[in-house]
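Model the full structure from these sequences, guided by the hints.
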Amino acid sequence: MSDSARRDAASGTALFSRVPRELVHKTAPDEVLLTGWRQEAEDHFVVTASWPEQHSFYVPVAGARDPLLAAESVRQAIPLLCHGAYGVPQGHRQIWDHFACALHPDALSADEGPATIELDVSCSDVRRRGSRLAAMTMQVRLMRDGACMGVAHARFTNQPPAIYQRLRGEYADLEAAVSRTIPLAPPISPKQVQRSRFRDVVLSPTNTAQVSQLRVDLAHPVLFDHPVDHAPGMLLLEAARQATHAVAHPHDVVLTGMDCAFSHYAELDAPCWIETSALGNELMGRLAVQVVARQFGREVFSALITAEHTART
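The C-terminal position of the sequence shown is numbered 775 in this note's numbering, with every residue numbered one higher than the one before it.
Quick caveat, the hints were computed from the structure, so don't treat them as lab data. Wrong hints could be hidden among the right ones.
Stated by the list, open to error - Using C-beta positions, here's what the derived DEER-type ranges look like:
(1) S641 - T668: 21 to 27 Å
(2) E502 - A624: 29 to 35 Å
(3) P667 - Y548: 42 to 48 Å
(4) D635 - D492: 25 to 31 Å
(5) H771 - H688: 32 to 38 Å
(6) S586 - C610: 16 to 22 Å
(7) H771 - R590: 28 to 34 Å
From the three backbone atoms N, C-alpha and C, an ideal C-beta is built for every residue, glycine too.
Below is the structure:
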C-alpha cells in the first residue's frame, strides 16, 4: 500500500475497488458495496464488501451501522454470483421469495472508517430449467475481522426477459408502469422513524395509527437507483424498518432481525398500505413488530422485525 493510501485509510477515505456496477444491478458507482468474490468449493463462495463510514441513505442508527447495509450486501451478492458463478446473462431478473437476517447489535458498532465485511455464501436447492438457473437459496454468514456479525437467508427465482414479461402482464411495459405512478404522499415526521431528512421517509400517515401508506419516490437516488416497474424489495424492507421505529418512538431502537416473505409485486399505480402490530410485551429491551403490506386487498409482503432499545448518542 502506498503512503497516500495509508493516510487515506487512516482517515477513513480510502478508495476501494468495486465490482462492476452492472453485476449488482446498480447504476451509480457509489451504491456498489461489493469489492470482489472467490469460489471456495462447489456452491460455496466468499464475497467481500466495504461498508462506507458515511452513506447518503444507510446512515448510522443510534451509534450502530445501518443494519440494512447487511441486507443490501446480500441483495447485491445475488446478481453478482448469478452472473459471475452461475452463468446467468444480463437482463435476467432475480426475484425474492424470502429474505431473513439476524444480526449481533454489538458487531454493528459504528467505529471510524469503512468496514471490511466478508459474506460466506453457501448456495443450496439450486434448480435449473435445462441449462438455465431457475431458483436458488443462499445461506450467508456475515464476517468482520474473523468474527460472525450475523447470518442471512435468501430464496429467489431467476427469470429470463421473456418469462418476466409474461409474469408482469400489463406492468411489463416499464415506461407505462412508471407513468401510472400515483402522486407521492406526504411523509410522516422523520424523527418518528429515526431519519433526519423528509426525502428518506418512506411512510405517509393515515387516520389509523397502525396503518401507513408506502411512499414511492421514483426520484430517490438510492431506493430508485434505476427505473423499475414496481416497488423494489429494498423499499419494502426500509418500510418495515421505519414502521418498527414508528412503533418504538420516542425510544431509539436498532434493528437486529427480519424475516420477510414476498408474495406479490407492490405496484406503482395504487396505494400500498403498511400495517403494523407490536407482538407481546417488550422484554429485556427487545421489541418485535409484525409488518404487513397490502395492496388491492391482498397481502404483498410481510415481515417479522426484531429490534433492541439503545441509548441515544
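Notebook entry, point to check: Does the Cβ pair P667, Y548 satisfy 42 to 48 Å?
Noted result: holds (43 Å)
Item checked: Supplied distance hint 21 to 27 Å, evaluated on CB atoms of S641 and T668 -> Holds, since S641 and T668 (Cβ atoms, about 26 Å apart) stay within the stated range.
Check: Does the Cβ-Cβ separation between E502 and A624 fall within 29 to 35 Å?
Finding: holds (34 Å)
Note to self: For the hint 32 to 38 Å, verify it against the beta carbon of H771 and that of H688.
What the structure shows: holds (36 Å)
Next item on the list: Confirm or reject the claim that S586 and C610 have a C-beta distance inside 16 to 22 Å.
Entry: holds (19 Å)
Notebook entry, point to check: Regarding H771 and R590, is the given constraint of 28 to 34 Å on their beta-carbon distance met?
Noted result: violated (46 Å)
Check: Between D635 and D492, does the beta-carbon spacing fit 25 to 31 Å?
Finding: The hinted range 25 to 31 Å holds for D635 and D492, with Cβ atoms some 30 Å apart.
Hint compliance for this structure: hint 7 alone is broken.
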